[in-house]
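Trainee: The two chains are supplied separately, each in an independent frame; assemble them into the complex guided by the hints.
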Amino acid sequence: MMSTYYAGLLADVGILLLGALSVYVILATGQLSLGNAGFMGIGAYLTSYLTVTAGVPLTPALLIAAFAAGAIGVLIGFPALRLKGIYLAMATLGFGEMVRSFLLNLEAMGGSGGFHGMRHISNATIWAWAGGILLLVVILERSQVWLEMRAVHDDETAAGLIGLNTTIIKVGAFGFGAAIAAISGGLFAHHHVYIEPGNFSFERSIDFVLAVILGGSTIGPGALVGALLLVILPEYLRFLAEWRFAAFGALLIVMLLVRRQGLLDRGLFGLTARSRAA
Amino acid sequence: MIFQQLVNGLTLGAVYTLIALSFSLVMGILGVLNLAIAELFMLGGYFGFAAVMAKLPLPVALLVGMAGAALVAIVIEKVGYQPFRDTPVVTPMLSTLGFSIILQNVATNVWGSDPLQLPDEVLSVRFTFGPVSVSAMQLTVLGATVVLVALLAFVVQRTPIGRALRAVAENRDVARLLGVSAGRVTLLAFVLSGALAGAAGVLIGLHYAAITPYIGVEIGLKAIAVMVVGGTTRIWGALIAGPLIGVAEVLTIAYGGSQIRDFVVYGFMIVILLLRPQGILGGARTQGQRV
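Residue numbers (this note's numbering), protein chains in the order written: chain A, 1 to 278; chain B, 1 to 291.
Isolated chain B, as found in the complex (with noise of 0.2 Å):
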């Protein structure tokens, strides 16, 4: 039983550890909050959806998806962002609560508000080792975040790109003083930030075979109580938090009662955000505008 329960809240753990991802991203090389984010997940969930019933294989829906949100980050990157660059950090955030407002609307008139079911077929077997049983979904979705989270530390870590961004999260300024292009770099976050949170979105719609126009809030928002538990400023803090996030969550479902997860969640939020401000790992960064 306990063992099922850490499967099944690992599977939720790596879609969570890839909206967190997603966030801390634009967080910690930008320092603002793309509340966006959240329905960029959604509205990959649906990409993917589209994409599986026009019966395109998986991997091709799970691009599909990042394309389709990686696409919505870059307008939201020159709407919503690069306009209010010099402004209080709190106004970008409220300009992509204009754009979460937005895309949750589209999204209900252009599906509808009632959930989308996949057919049963789809990735409908089950492996069974011992007590354990695991869906080939859940597998597939542990599996592709396995991939993505690779992908994105070689980028991130390997590649002269990352190392742009990596310059600009450190000191804005002084990258650019070195020749770094801070215009590109911040577009280049949105534009990976996207596509992670489209990955997550058809990973999760797969994993439910139903995908919801509120799955943004009711999920994709949690994601900031993962990212805040693995340091806003760290992005890999993240990869710790989601399935601590996620075991937690299955758990107080399993053995709590399923109201209360939500409680849990972001009162453990709140209180990192207060005892512990840069995560559960800690840091030698201290900069930001939290104080």
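Just chain A, with the same shape it has in the complex (with noise of 0.2 Å):
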């Protein structure tokens, strides 16, 4: 029987592995999001809304809310076609801070007050959201599609020389994170039971992206590393409980000056055919 402390951290790390995954799916076109935090509030305050305000049940509530994440994702993808590298992160950076500004103003959902009403999900829910897009992720690293994926972030030039629909490839990206997110967001929401803008800042965005560059930024089950190493980590750690988020940065430096790709990475799966593929 598991204590309901254990089975908080079991949602906290679903829903973050949730969060990073979508980074990680982003990432694997060669775009660095600082801003996935703005999905994940848009898709937790229309999750919310759907369930509590309009009735819908929880599913379809996500699933609306990780299409209409998806589209706004899709419209971000667009314009961010032109920037690059930290001229990228910047500019999701500043979207994810307007997003909780304009979340702060949303009188309709309570504004700086926050929201809440919504029914409290079981654990089994959100793992089965969290593993279900795992394995979808998993999924699609084995797919042409991912190859096209690896092609535009090796060579963006080249992918497009050879006839690949770059522009496609990197919205789409961008669409499918932000749904991701977004999901993550709806089950923060059905979890906590209570949501406001705040939860939804830069530092989420970071947490997400120290995930995905700890656990490993080259393979999907990087991201479940991560998100287990960030919410289980302190646990076993106690002595640094005021200090972990420094021993987290610290790890980060640590784990780009001699293992760049993460804890994770192909090579530990070296037998597969993945990798001879790859």
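The set of hints was computed from the structure by calculation and includes no laboratory data.
Be aware that a few hints might be false.
Derived Cβ-Cβ restraints for the label pairs, each shown as a range [as the list claims (entries may be wrong)]:
| id | chain 1 | residue 1 | chain 2 | residue 2 | range |
| --- | --- | --- | --- | --- | --- |
| 1 | B | P160 | A | I162 | 48 to 54 Å |
| 2 | B | E218 | A | S143 | 39 to 45 Å |
| 3 | A | L81 | B | G257 | 29 to 35 Å |
| 4 | A | L237 | B | P160 | 35 to 41 Å |
| 5 | A | L240 | B | E170 | 42 to 48 Å |
| 6 | B | Q157 | A | L233 | 45 to 51 Å |
| 7 | B | V146 | A | G163 | 55 to 61 Å |
| 8 | B | E170 | A | D154 | 43 to 49 Å |
| 9 | B | R163 | A | I232 | 52 to 58 Å |
| 10 | A | L147 | B | S258 | 45 to 51 Å |
| 11 | B | L178 | A | L240 | 47 to 53 Å |
| 12 | A | L233 | B | Q82 | 25 to 31 Å |
| 13 | B | R163 | A | I168 | 46 to 52 Å |
| 14 | A | A124 | B | I74 | 49 to 55 Å |
If you want the footprint, here are the derived chain B segments under chain A, 3+ residues with CB under 8 Å [what the hints assert, rightly or not]:
| id | region |
| --- | --- |
| 15 | 75–83 |
| 16 | 87–94 |
| 17 | 128–134 |
| 18 | 247–261 |
| 19 | 268–276 |
Bear in mind the structure is a predicted one, so any value in this text is a computation, not a measurement.
No residue lacks a Cβ here, since even glycine has one placed at the ideal position from N, Cα and C.
Mentor: What follows is the structure, given as structure tokens:
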């Protein structure tokens, strides 16, 4: 029998896993987003509105929020095509802060006071979504589409020259990533049964990026390892309680110095057909 | 009323200008976004605060904040930038992000997460010019900013060190062929940038008479928007963009509601990034990794 405390941790892992995957999918095309908490916030508020105010059941509400955030992601993805590297990072950071600021002003959804009334969901629900989407990403990684995404990541000009539609690939990745972040947000809202704009700040976007970079930025399950690391590690390093963020910051720098691809990479799965295909 | 808002906006804008100069020194010369600058700004504020509480005079407090932040900037350059010099530009940005997480955590543990308040008696005198009331503190912030910007301009435009900085910014490889030590210039850029961020931190601490560990995220990050609006490859664009954003923000608070101001500032940044990436002033430099 699991205690409430550990159940809460497990739920956090699932929600963070989805957030990390949302960054991972976009990063796979070579685009770093520092604003995915914005998509998460959109998902959280939209799902909550649908279940609480409109009386829609959770599953369709999550799907609607995912589609809506995905559409916004595509809309963001088009202008983002003009930007690269740190410029894209700055623009997405700005987008995330704009969403937070917008939610603060959304009086219909409580504004700065936050929004509540959602029904608490079980860990089984969270993990059905988290596991399902992780599986979806892993399956995607074995597809032709993923090879095309890697090609855009490695050399966009060359990918364009061999006839790949780099626009659709990059914009599609943005939309898919946004949809995943929205589901993460919807689950977050129905796990904590209370949301406020501060939940979807820059720090949240950074958590997602941290989980991906630490866990492994070249392979989907890396996001799972990263999410586990960020949530579970502090439990075993109680003496670090006050200093865990500093520890993660230091870990990030060390990881970038010695193993830039993160803990997991394809080499660890060297026997699978996937690594030969790559 | 409008003049009062302008004065308040210019004070905030002065602080933005200093932080934006700090960002654009590193960005313009090395092409790297040092995200830890937002936290160097916060840290400078705490150092200056400690100096003021120790009854040191304000100019000394300013120097303490600058020196403290510059020292941390040296560590960031050695650990967070040098090893990543030949990696994609996003990698050093992530390592500076690691530093900003560390610095915020350290500040929270050392000084607590509640705001520290300055005692009232520090520079609470107000001068009234017709309808406008200016506090001695606002004058100090504005005056110190003007002096610091003038000093920076002198160093960059009139000294051999500054010439080396500009040479590396123009073309790193050619500058090295001509005998400029790129390593030393890089370190210098980080030190100058750290000192400016630290000074801005001391000034904002004095201005609000309070400081929290979260001021880096609340105000420091917005200076990225100021830098973008001024033009990322033009160091001096911040001189126009800082006051502009400061005034725009204060006017938004006064006439639109305080909650919408971040929306306006970041929205402006995104529009500039997309439509006029060289900044509002424009400029000849089109190179860089944007495309």
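Trainee: For each hint, tell me whether it holds in the structure or not.
Mentor: Here is what the structure says about each hint:
1. B:P160 to A:I162: 48 to 54 Å: holds, 50 Å
2. B:E218 to A:S143: 39 to 45 Å: holds, 43 Å
3. A:L81 to B:G257: 29 to 35 Å: Cβ of L81 (chain A) to Cβ of G257 (chain B): about 33 Å, so the range 29 to 35 Å holds.
4. A:L237 to B:P160: 35 to 41 Å: violated, 49 Å
5. A:L240 to B:E170: 42 to 48 Å: holds, 45 Å
6. B:Q157 to A:L233: 45 to 51 Å: Because 49 Å falls inside the window, the suggested range holds.
7. B:V146 to A:G163: 55 to 61 Å: Holds: the Cβ-Cβ distance is about 57 Å, inside 55 to 61 Å.
8. B:E170 to A:D154: 43 to 49 Å: Once the Cβ atoms are compared, 30 Å apart, the range 43 to 49 Å for D154 (chain A) and E170 (chain B) is violated.
9. B:R163 to A:I232: 52 to 58 Å: With a Cβ separation near 53 Å, R163 (chain B) and I232 (chain A) satisfy 52 to 58 Å, so the hint holds.
10. A:L147 to B:S258: 45 to 51 Å: This hint holds: roughly 49 Å between Cβ atoms.
11. B:L178 to A:L240: 47 to 53 Å: Roughly 49 Å apart at Cβ, these two residues keep to the hinted range, so it holds.
12. A:L233 to B:Q82: 25 to 31 Å: holds, 28 Å
13. B:R163 to A:I168: 46 to 52 Å: holds, 48 Å
14. A:A124 to B:I74: 49 to 55 Å: holds, 51 Å
15. 75–83: holds (count 3)
16. 87–94: holds (count 7)
17. 128–134: violated (count 0)
18. 247–261: holds (count 4)
19. 268–276: holds (count 4)
In this structure, the hints that do not hold are numbers 4, 8 and 17, in rising order.
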